[in-house]
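Trainee: For reference, the chains in residue letters:
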Amino acid sequence: MKYYPVTKLTLVLALMMTGESHAIEQQVLFTQSLAATCANCHGTAGKGIPNGSIPKLAGLKNEYFVEQMQAFKTGTRPATIMHQLAKGYSDEQIRLLASYFASQQP
Amino acid sequence: MMNRRSFIQAGVSLALMGGSVSAFAMRGAKVVVIGGGYGGATAAKYIRWLSMNQLDVTLIEPNKEFISCPLSNLVVGGSRNLSDISRPYSTLEKNHGVRIIRDMATQIDTNARSITLSNGSQMSYDKLVLSPGIDLNMASIEGLPEAHASGQILQAWKAGAETLALRKQLESMPDGGVYAITIPEAPFRCPPGPYERACQVAWYFKNFKPKSKVLVLDANQDVVSKPALFKKAWEDNYKGIVEYRNQHKAIAVSPKEGLIKFDVQGDVKADVINALPAMRAGKIAQQTGLANLANNRWCGVNYQSFESSIAKDVFVIGDAIQVAQLMPKSGHMANNHAKVAAAAIVAQLNGLEINPSPVLTNTCYSFIDDKNVVHVASVHEYVANERTYKVVQGSGGVSTGSTELEGSYANTWARTIWSDMLE
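Top line first, the protein sequences correspond to chains S and F.
Counting in numbering that gives the first Met the number 0, the first sequence tops out at residue 105, every number present.
Counting in numbering that gives the first Met the number 0, the second sequence tops out at residue 422, every number present.
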């Protein structure tokens with residue numbers, strides 16, 4: 000890509016055109032980043048893979064997700080690994096993850 | 000924070016493009032990713048995805064296919080083929096619009112923001128993600144450069160042709176022979192890897208060459224990862240086959256006599272020598288001076304964004320970085336670095352704040368045989384006032400013992416993370 004000499008006017012014009020929608024929102028980006036820490040095992044955006052043995056998270060009900068994560072944390076739901084990973088997330092982070100995955104198409 | 004030059008460039012190219020509809024500041028900004036391993040491929044995909052495909056992303060990677068280091072020990076052991084652990088890069092292009100250049104980057108000018116490829120052509124960037132992996136310092140063991148070049152002593156630590164060549168050496172070895180793996184002082188790529196490899200070779204010997212032995216010659220004081228689990232596996236599954244010796248730092252090899260020399264301990268003879276030399280950040284990181292820490296071995300980064308501590312707009316991820324406390328040099332971790340860097344780049348190019356509290360996870364599964372698996376896992380949070388990551392208190396841990404259930408999770412983990420980075 001070539002770049003051309005810039006004047007203040009071009010910059011202003013460029014800025015004016017940037018006011019459209021589809022802008023990246025800060026909080027959305029932060030939440031996507033947090034949810035991306037689940038994606039290694041549960042798939043991008045929690046969508047999993049075909050015939051995988053690890054549950055998909057996309058589309059899980061908000062309350063169900065929170066309940067299960069808390070159950071992993073307290074040890075009431077036994078697990079091989081999730082009891083160790085769940086303890087790495089705060090209640091607030093779990094709430095954010097729950098609403099994110101609830102809003103994803105399974 | 001958005002950088003003025005890239006902002007202007009983005010704005011200008013936007014202005015030149017005319018009235019495109021969903022235009023905003025970052026459109027037209029150019030991101031280049033060097034290296035398509037667990038870190039780089041993930042970065043390329045996630046920058047496209049998190050920017051809603053607004054950023055132009057180019058991946059420079061010489062290989063046609065991605066070949067996974069995790070699970071490659073199973074190819075050495077003979078329970079998998081190389082094709083089982085390979086995936087095409089083409090899905091990054093097809094599904095995400097990443098431009099792929101099949102070449103090596105040979106030079107980076109971080110002041111001019113330009114990259115030179117091995118074919119001599121140059122390209123510029125607004126943001127660069129450098130995921131160069133490791134360089135194996137063959138010269139750290141006397142005689143190894145020549146023995147490796149001639150194919151007599153292999154590393155097979157970068158999965159691919161050498162993985163198959165090591166497998167062939169084991170197949171050709173007569174029953175009653177000795178396989179020896181030498182392990183350098185930590186840190187090195189994949190802390191549980193050498194011990195998993197010992198298990199895989201022992202599994203092969205147990206089933207096909209039961210009089211043979213596996214010698215694990217470790218420069219470290221003890222097994223670096225999951226010590227209790229690996230030692231239990233050697234005791235329970237491979238008694239009389241695997242022998243572990245700590246404080247064995249290899250300093251010289253002689254393939255003709257099948258000899259390994261150590262700094263303190265006596266010489267060891269083996270039929271197949273698998274020497275893992277000291278490791279450091281990939282060559283290009285050394286050449287550009289980005290490997291600025293630990294005697295120019297690893298790259299210093301600002302952990303909140305993974306931007307280089309010495310070069311603006313260059314983000315270094317994966318095994319090449321100077322790690323924070325308890326952060327392993329693993330593919331899973333590289334994938335997580337990549338996501339933090341990708342989000343930081345998208346934020347910067349949009350004039351947004353960089354996430355003040357990024358999180359990283361790590362899971363390393365290790366195969367004890369062809370089916371049973373153990374893990375180590377951790378969650379790492381960025382602690383702003385100390386500018387580093389720490390393991391979240393109470394999180395993480397290891398398996399209680401090896402199981403087939405974890406074997407099934409390990410297989411799904413692999414297929415899922417490959418999909419997460421490439422598809």
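Treat the hints with care, as some may be off.
[Said to hold, decoys possible] Which stretches of chain F does chain S cover? Using the computed rule of at least three CB atoms under 8 Å from a CB of chain S, they are:
1) 357-369
2) 401-407
[Stated by the list, open to error] Straight-line alpha carbon distances no greater than 20 Å define the calculated EDC-like cross-link-like pairs of lysine to aspartate or glutamate that follow:
3) F:K260 with F:E141
4) S:K55 with F:D369
5) F:K389 with S:E62
6) F:K389 with S:E66
7) F:K268 with F:E422
8) S:K72 with F:E380
9) S:K86 with F:E380
10) F:K205 with F:D369
11) S:K46 with F:E422
[As the list claims (entries may be wrong)] Quick list of simulated restraints, FRET-style, between CB atoms:
12) S:R76 with F:N301: 33 to 39 Å
13) S:V27 with F:S407: 30 to 36 Å
14) F:G400 with S:S52: 41 to 47 Å
15) F:G119 with S:Q69: 34 to 40 Å
Hints in this document: simulated from the structure, not taken from any laboratory.
Here a beta-carbon is modelled for each residue, glycine too, at the ideal position from N, C-alpha and C.
Trainee: So, for every hint listed, does it hold in this structure?
Mentor: Hints, one by one, checked against the model:
Here the region 357-369 of chain F counts 5 residues with a CB under 8 Å from a CB of chain S, which clears the bar of 3, and the coverage holds. By the rule of at least three residues with a Cβ nearer than 8 Å to a Cβ of chain S, the coverage given for the region 401-407 of chain F holds, with 4 such residues. A hinted pair counts as satisfied when its Cα atoms are at most 20 Å apart, and K260 of chain F with E141 of chain F qualifies at roughly 9 Å. Our distance criterion of 20 Å between C-alpha atoms is broken by K55 of chain S and D369 of chain F, whose separation comes to about 26 Å.
Distance hint between K389 of chain F and E62 of chain S is unfulfilled; the C-alpha atoms sit about 29 Å from each other, more than 20 Å. About 26 Å separates the Cα atoms of K389 of chain F and E66 of chain S, which puts this hinted pair outside 20 Å; it is violated. Note on K268 of chain F and E422 of chain F: the hinted pairing is violated, with a Cα-Cα distance of about 46 Å set against a maximum of 20 Å. Restraint check: the Cα-Cα separation between K72 of chain S and E380 of chain F comes to about 17 Å, which is no more than 20 Å; the hinted pair holds.
The suggested pairing of K86 of chain S with E380 of chain F holds, with an alpha-carbon distance near 12 Å, which does not exceed 20 Å. Between K205 of chain F and D369 of chain F the CA atoms are separated by roughly 12 Å; this keeps the pair inside 20 Å, and the hint holds. Pair hint K46 of chain S plus E422 of chain F holds up; C-alpha atoms about 12 Å apart against a cutoff of 20 Å. A hinted range of 33 to 39 Å for the beta carbons of R76 of chain S and N301 of chain F is consistent with their spacing of about 37 Å.
Checked against the hint of 30 to 36 Å, the C-beta distance between V27 of chain S and S407 of chain F comes to roughly 34 Å, which is consistent with it. Against the hinted window of 41 to 47 Å, the Cβ-Cβ separation of G400 of chain F and S52 of chain S comes to about 19 Å, which falls outside the hint. A beta carbon spacing of about 58 Å between G119 of chain F and Q69 of chain S contradicts the range 34 to 40 Å that was offered as a hint.
In the structure shown, a violation is registered for the earlier hints numbered 4, 5, 6, 7, 14 and 15, in ascending order.
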